[in-house]
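Protein chains: 2
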Amino acid sequence: MQILINEMKHWMIEAGERLKTALAQEVLEIDTKSSRTDLVTNLDKQTQEFLVERILAFDETANILAEENGKHALESLDGRVYVIDPIDGTMNFVLEGENFCIMVGIYDDGQPVLGFIYNVMKEEFLWGGPSIGVYLNQDRVKIPTIPSLSAGLIGMNCVMYAKNVYHMQEIGHRSMGVRMSGCAGVELAHMALGRRVAYISNLSPWDYAAGGAILAALGMKMSNLNGESLNFKDREYFLAAPAAIYDEILEIALNPEK
Amino acid sequence: MQILINEMKHWMIEAGERLKTALAQEVLEIDTKSSRTDLVTNLDKQTQEFLVERILAFDETANILAEENGKHALESLDGRVYVIDPIDGTMNFVLEGENFCIMVGIYDDGQPVLGFIYNVMKEEFLWGGPSIGVYLNQDRVKIPTIPSLSAGLIGMNCVMYAKNVYHMQEIGHRSMGVRMSGCAGVELAHMALGRRVAYISNLSPWDYAAGGAILAALGMKMSNLNGESLNFKDREYFLAAPAAIYDEILEIALNPEK
Chain C
1 MQILINEMKH WMIEAGERLK TALAQEVLEI DTKSSRTDLV TNLDKQTQEF LVERILAFDE
61 TANILAEENG KHALESLDGR VYVIDPIDGT MNFVLEGENF CIMVGIYDDG QPVLGFIYNV
121 MKEEFLWGGP SIGVYLNQDR VKIPTIPSLS AGLIGMNCVM YAKNVYHMQE IGHRSMGVRM
181 SGCAGVELAH MALGRRVAYI SNLSPWDYAA GGAILAALGM KMSNLNGESL NFKDREYFLA
241 APAAIYDEIL EIALNPEK
Chain R
1 MQILINEMKH WMIEAGERLK TALAQEVLEI DTKSSRTDLV TNLDKQTQEF LVERILAFDE
61 TANILAEENG KHALESLDGR VYVIDPIDGT MNFVLEGENF CIMVGIYDDG QPVLGFIYNV
121 MKEEFLWGGP SIGVYLNQDR VKIPTIPSLS AGLIGMNCVM YAKNVYHMQE IGHRSMGVRM
181 SGCAGVELAH MALGRRVAYI SNLSPWDYAA GGAILAALGM KMSNLNGESL NFKDREYFLA
241 APAAIYDEIL EIALNPEK
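Chains C and R, in that order, give the protein sequences.
Just so we're aligned: the first sequence equals residues 1 to 258 in the UniProt record's numbering.
Just so we're aligned: the second sequence equals residues 1 to 258 in the UniProt record's numbering.
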């Protein structure tokens with residue numbers, strides 16, 4: 001596993017260097033997908049191709065689930081699956097030039113093995129898994145100790161918050177404050193580092209696979225907003241939090257009285 | 001003016017080093033002010049005292065308006081006024097350990113002269129004013145060219161967005177996306193650097209004085225949400241945007257049809 005970890009970090013950092021160079025040279029080709037705010041760039045595609053190529057050269061039996069280029073569905077999660085988000089937070093990549101991540105999650109028969117979140121401009125590499133623990137660059141990450149929803153900041157999706165689905169405004173109100181970064185990787189890394197009490201959004205598998213493996217290693221829970229397992233297929237409402245806070249949030253989210 | 005600029009940067013960077021040290025040593029004393037989410041720390045107070053002391057040693061006639069320690073009101077804006085926010089984004093300082101700023105704005109008879117926003121953990125120092133232009137660290141900042149609301153990200157206050165005051169959800173919907181960082185300095189710096197199309201919040205003078213001087217130097221507009229001048233006294237609804245986009249947003253905000 002150590003060889004895989006070292007190689008993966010090496011590939012992702014190399015991919016990150018290419019993104020930095022492209023930003024500095026201002027050579028992005030920007031396109032839209034499902035809507036005017038669903039952006040994709042030539043760099044999303046190139047980064048994914050680069051990572052897929054490296055992974056297949058390393059492990060020719062790899063199953064790959066990824067955001068771009070028709071790899072967005074898998075028949076099953078059997079065997080080893082690599083879930084790739086070449087640029088998580090493409091909008092931020094284009095409009096901020098920061099707050100975007102390269103992410104890879106590795107699952108065996110649907111169980112988390114390793115997660116890698118590389119915040120390119122911050123040069124923060126968060127990685128780990130249930131059998132090895134979690135690391136930020138070279139330093140072991142301690143399990144965050146946030147006592148309750150009321151003690152921390154919560155990351156949320158802006159549309160869900162505006163529409164108040166699952167009482168999200170009440171959930172936000174009970175926290176110390178709502179944050180929206182526009183990047184699942186940024187938010188899930190914040191959670192691992194104790195900077196968020198929870199994260200609620202509307203995500204696809206490549207948005208949560210890497211973070212999910214890391215949060216599992218820290219004893220945190222994730223599911224859809226009905227408390228059901230994520231399906232690793234479609235975009236779904238998503239909740240991640242430390243176990244006690246997860247229960248506290250679901251109780252508000254599913255309360256029919258409100 | 002060059003001596004003042006150099007000194008101010010020097011003081012603010014020194015103050016920033018003390019904040020970094022305090023975060024590393026985990027020695028914060030945290031208190032609440034008006035509500036459970038209105039935090040203040042020993043470092044807010046110490047940082048303000050340090051800056052006030054340095055400013056008065058440099059300019060003994062200085063009028064000072066600042067967040068902590070009873071300096072939060074001035075009889076008038078006559079003469080030279082230094083407006084200090086010792087830690088903008090105290091919540092982030094405490095709970096994230098990043099995304100907070102030290103800010104100073106300098107005004108002569110109510111007119112902006114200089115603004116300084118120091119994002120401590122990013123070590124990004126944004127400074128300038130109408131007579132000298134704007135700089136990020138050593139580099140001149142170009143005037144951002146965002147053509148319309150629909151082309152950029154917008155920073156918003158979470159409570160105003162949830163309550164949909166002044167049609168804020170519609171304004172957010174017409175942008176490329178809503179961001180909430182919990183720090184006015186972070187958002188106003190993003191605006192100066194072209195990473196935001198606008199910022200709408202509920203702010204006190206120390207939250208907008210530094211950024212206001214910088215945005216004025218870039219030809220941008222700011223006011224309350226009725227299009228009236230900010231009063232530099234009370235907390236007010238706040239809008240800042242490039243001139244054309246400012247008009248576009250006010251038209252939505254003040255439209256009685258919606």
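To be clear, the hints were calculated from the coordinates, so they are not data collected in a lab.
Mixed in with the good hints, there may be bad ones.
No distinction is drawn between identical chains; accordingly, a pair holds when it is met within one copy or between any pair of copies.
[Unchecked claim] In silico lysine-lysine, DSS-like type, Cα no more than 25 Å apart, as pairs: (1) K142 x K20; (2) K122 x K142; (3) K163 x K71; (4) K9 x K122; (5) K163 x K9; (6) K221 x K45; (7) K122 x K20; (8) K20 x K221; (9) K163 x K45; (10) K122 x K33; (11) K122 x K233; (12) K71 x K142; (13) K233 x K33; (14) K233 x K45; (15) K9 x K142; (16) K221 x K33; (17) K71 x K233; (18) K163 x K20; (19) K122 x K71; (20) K142 x K45; (21) K163 x K122; (22) K20 x K9.
Contradicted hints - numbers only
3, 5, 6, 8, 9, 10, 11, 12, 16, 18, 19, 20, 21
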